[in-house]
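Visitor: Sequence:
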Amino acid sequence: MALAARLWRFLPARRAPGPRPSAGAAGGRGGGGPGPGRGPEVMGNPGAFQRSLMFSALSYLGFETYQLLSPAAVVHAAAKGFRVEEILQQADYLYESGETEKLYQLLTEYKESEDAELLWRLARASRDLAQLGGTSAAEKKALVYEALGYAQRALEKDHASSAAHKWCAICISDVGDYEGIKAKIANAYVIKEHFEKAIELNPKDATSIHLMGIWCYTFAEMPWYQRRIANMLFAAPPSSTYEEALRYFQKAEQVDPNFYSKNLLLLGKTYLKLQNKKLAAFWLLKAKDYPARTEEDKQTQREAAQLLTEFNSRN
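By the count of the UniProt record's numbering, the sequence shown reaches residue 315 at its end, each step adding exactly one.
A portion of the hints provided could be inaccurate.
[Said to hold, decoys possible] List time: in silico BS3-like cross-link candidates among lysine-lysine, alpha-carbon distance up to 27 Å:
1) 204 x 182
2) 157 x 102
3) 277 x 288
Keep in mind the hints are simulated off the structure, nothing from the lab.
All chains should be built: construct the whole structure from the sequences, respecting the hints.
Guide: In structure tokens, the structure reads:
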């Protein structure tokens, strides 16, 4: 299975009402995740390279402003001389509302911006648009590369932006789907570095921590034939352990308890890999009972229930 697809198959198909945001990961200036009622910010097709993964509620003034503006006025806000902060507020409102196309239209008006906060949001919006069901294969590829360009520019403008590092990692993995296995394996090192930097800059972002856990889990369970290919291509191919993955999933849960159904599921699956049946059953049960707000939550519930059934039949 392709590395990118393997790494991101855990994450949701599109934004919908979901778990609350990670504590301390508010999107405002310097954030990078969903707001109240949203699932983790890194959304994608379950069969493709997916994530993460939290933004503050729109201010009263921003909300009132948005309500008074027509969609056309929002899209052409630049002509009205809106300040960047006001554009970011409107962008966050559209993101929170799941208005992917409108968000992309709004932000592409400012694609020449030098503001890192705007650029990483544009990377996110481009990627979200690529993941929509109605997007053609050719459009998706173009949007994936476009998203990476915006994320890289955001990082150039502000290397201390946790969100820019996170979105660079996500977009690099997406691009790997089009560049072959050697590029994917080489990119894995870069992806890890960006996630680690994102966590260093914002240790309260549960989504980045969770994604780092997925990176570790993916390489811990890499099939032997993929390891063989990696060993042929690189002197020191990426590697990890289930113990390392577990530490990240545990840390994400400590930072923001119950923030994401998939984190609960992966805690259970990792404990299964480590032969800790008691804790595996505990976390799988939590995943099965997690309030389903999205289709992805429902899929998580089904997988957890199936694993519990198999677990109980063997014990």
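Visitor: Hint by hint, say whether it matches the structure.
Guide: Hint check results:
no. : hint      : in the structure
1   : 204 x 182 : 33 Å, violated
2   : 157 x 102 : 25 Å, holds
3   : 277 x 288 : 16 Å, holds
Going through the hint list in order, the structure does not satisfy hint 1, though it satisfies all others.
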